[in-house]
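**Student:** Turn these sequences into a full structure, and let the hints steer you where they fit.
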Amino acid sequence: MTGASSHVVPVRVYVGVFAALLVLTGLTVWVASLDLGAWNTPVALAIAVSKAALVILFFMHVKYSPRLIWIVVASGFFWLAHLTAGTVADYVTRGWLGTPGS
Amino acid sequence: MSTTQPGADARGEGTRPPAGPPGAPPVAEPRPSRVNYLNVSYGVKSWLLTTDHKRIALLYLASVTLMFFLGGAFAVLIRLELVTPPGDLVQSETYNKLFTLHGIIMVFFFLIPSIPAVLGNFLLPMMIGARDLAFPRLNLASWYIYTLGALFTLYALVNGGVDTGWTFYPPYSTQFSNTHVLAAGIGIFINGFSSILTGLNFIVTTHRMRAPGLTWFRLPLFVWAHYATSLIMVLGTPVIAVTVLMVAVERGLHLGIFDPTLGGDPILFQHLFWIYSHPAVYIMVLPAMGVVSEVVTCFSRKRIFGYSVVALSSLAIAVIGFLVWGHHMFVSGQSTFAGMVFSLLSYLVAIPSAIKVFNWTATLYRGSVSLQTPMLYAIGFIGLFTIGGLTGLFLAAMGLDVHVHDTYFVVAHFHYIMVGGAIMGYLGGIHFWWPKITGRLYPEWWARIAAVVIFAGFNLTFFPQFVLGYLGMPRRYHYYVEEFQVLNVMSSAGASILGVGYLIPMAYLVWSMRYGPKATANPWGAIGLEWETPSPPQTENFPRSPVVTWEAYEYAPEEEARVV
Amino acid sequence: MSSAAETHEGGLHPALAHHFESLPAQKEAATLGMWLFLAQEVMFFGGLFIAYTVYRNLYFDAFAAGSHHLDVTLGAVNTAVLICSSLTMALAVHASAIGRGRHAVVYLLSTVLLGSVFLGIKVVEYHDKFVHHLVPGPGFSAEALGVTGEVARSAETYYALYFAMTGLHALHMVVGIPILLFLAFKAHRGAYGRDYNTPVEMTGLYWHFVDIVWIFLFPLLYLIGRH
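Residue numbers (our numbering), protein chains in the order written: chain A, 7 to 108; chain B, 417 to 980; chain C, 1442 to 1668.
Honestly, the hints are just simulated from the structure, not real lab data.
Just so you know, even glycine gets a beta-carbon here, dropped at the ideal spot from N, CA and C.
Take the hints with a grain of salt, since some may be wrong.
Unchecked claim - Below are the DSSO-like pairs computed for lysine-lysine, each with C-alpha atoms no more than 30 angstroms apart in a straight line: (1) C:1563 x B:461; (2) B:934 x B:461; (3) C:1627 x A:69.
Claimed, not checked - Pairwise CB distance ranges, derived in the manner of DEER restraints: (4) B:510 x C:1454: 58 to 66 angstroms; (5) A:80 x C:1620: 21 to 29 angstroms; (6) B:594 x C:1502: 51 to 59 angstroms; (7) B:510 x A:91: 47 to 55 angstroms.
**Tutor:** Written out as structure tokens, the structure is:
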């Protein structure tokens, strides 16, 4: 299994990703100035996730890497998402049951 | 039932050649080489700068043993104080320091490293037919990092200790405690990286360095257990690292992250703390379960019942174990709804643990059981872990937990798992692989006596604590009401027996290193790549990479065929 | 014996460790190891992100007020600087992989330069916070934010997280820069080529990760309620 060991990514891919990242940065600044109500945060996060995905897939060669690497990457972020959700769930659900001290 | 020395097989028929893969040509006894990993080089530098995983395992053995007896010394003082109802041996502040240091040292510097860093380091490469771990220098660095962390903690200890409890909840730990919280926190932070790097090393080694033919489902269950443990070490430890950092920053720089007067939330700390510290208990117990799987199969001369299920249950424990942390916070002010979810998940995590217990028991059934010392420890583990685990279910029920939270019931529960479970697993593993590690046999009768003393002492120490907790004695108090004294005296008496029980192996194991009879490559007739090497092994483990064509634990396949 | 392990003269590559069969096997192990390290880094920063999520939900107005005082231009410029540094890092990995040692040195030093620019801008920003009494602690005052009462009190929590998260991020860059300099030195000596550029690639992974952390920090810290 050679995986990413032998794959050399052409320079034009890097430059293209670089340009996309700058565009997305500008986009996120611009969108922040618009009033999208509750959607501002999800949109900002979506843009950040897209930028991160570009860096991970191309700069960090994950697109050309074996499946195991994909699993490691996914599990790191998935696990953080899980633990964040679990913690936030405490705060969000307080008072749901109307029990004393809940 | 065998009563003979190790070196004979279960039927007392004298030494036989190592049980190599069934169907393969008989494996000749590896000629005991005069050069092995212990005598290949001498001198302090050759040990302190070694990259040999086996030597690093011994470095860890020395360190964790030291820390164990240090933590044990605090336990002795605690139990001495609790012999009488009034707080008359030490002051309250001192008592707080005693249980804090007992907890910190035992959890972070003994239980978490013990089996992975000693037995895991030594055996993992050998069990998969590799010459070393993936990153040998990182392995050595892990030990130095552990030592540095221990030094910070010892500094805190020597300079007056810490009194926050090993859980160092704010705002007490960040604002009000006058003790060396920062130094102890830094020690724990540094030690965390030792854990992370060891886990990282194990995961890469297991993925990338298995011998040809050694597929995942042919791996020894010890390897599966350590793989699952390593996942927790890598993903869980950084959370407590950053939490300790936040506590340090809040305490040192008044940054107000958990401080209620500055808008912070102390419950957030508890979430972050237990997000690691609950999975941490699985770091402590999973490796012991791996040891038990190895020992039970060998001393029943039988394949493990339900191999794939036991293997996958280790992963299930690791995964589900990350989802249950809120059961430490039922009475903290956490939402009741969240508490219900955590309670349900806590019941779920008991299932894979129970599966292991059932499968070990099924392995014993109709096995050719011999009660050598490692087997005594393994059976002890199964029984005591079951009690500890079941009482965990008591605690997972929110209603009952309200009654017994922060009482001795909880203390008894986790000591049944940590001491009755993990430490017995550790000792069982040490005895099982002692001939491989040192090339010597320990004295079997002394070892059995010690195992029985430990078992008796342990139960006398901790069973009364279940009753005490249920009757309402709070934990972390150094005085109590008169009616609890009888149970406390029983507990302290048990602790003295337990202490003696732990000293006996120290004595004979050290003795055996010099005077014990020399061991053959496979004194137990066990199956596993590590047993195919001489005792002690050579530095490179295998002169040629083995090629594996057999399943794990193929003990007595002819008999199985006959029964079926 | 795989030719990947051998130098052109037929001996073993000096970088091949004794317990690996070949350089590609060693590189795969290194890559997996580095990714596991990055996974734990995600969890490490993650603790702070969890704290951020909880407090932003509890004290949104304070977070918005605190965020408004940050300079979006400087933040955006810094984001662009880091993205540039990621490009130069990727190009350095590329150059070392095809044996262009000289180019690799240039790209590595460019990455160091850009990283230093980032840190310089951060110093400017931190100084501004200091001047406006926005550093958490006894000297904190929410006056510069133009808010009072409950919101003012919680603003200190925002700044605590601001300094903790950007500080930890900056620390990671401070650790990365000497490593990059060391790599540049080795690249200059011709240590990397088609058969072996693992250290450059591994450092690249680390540097890109640091960039990704900032990609999230920028909108979460600088762009709260900016409309």
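**Student:** Work down the list of hints and note, for each, if the structure agrees.
**Tutor:** Hint-by-hint comparison with the structure:
1. About 44 angstroms separates the Cα atoms of residue 1563 of chain C and residue 461 of chain B, which puts this hinted pair outside 30 angstroms; it is violated.
2. A distance of roughly 27 angstroms separates the Cα atoms of residue 934 of chain B and residue 461 of chain B; the hinted pair therefore holds under the 30 angstroms criterion.
3. Under the criterion of a C-alpha separation no larger than 30 angstroms, the hint pairing residue 1627 of chain C with residue 69 of chain A is consistent with the structure, at around 28 angstroms.
4. Distance hint check for residue 510 of chain B and residue 1454 of chain C: the Cβ-Cβ separation is about 60 angstroms, which falls inside the suggested range of 58 to 66 angstroms.
5. Here the CB-CB span from residue 80 of chain A to residue 1620 of chain C is close to 27 angstroms, well matched to the stated 21 to 29 angstroms.
6. Distance hint for residue 594 of chain B and residue 1502 of chain C: a CB-CB separation of about 36 angstroms, inconsistent with the stated range 51 to 59 angstroms.
7. Separation of residue 510 of chain B from residue 91 of chain A is about 42 angstroms and departs from the stated range, judged on CB atoms against 47 to 55 angstroms.
Violation of the numbered hints given earlier is confined to hints 1, 6 and 7; the remaining hints are satisfied by the structure.
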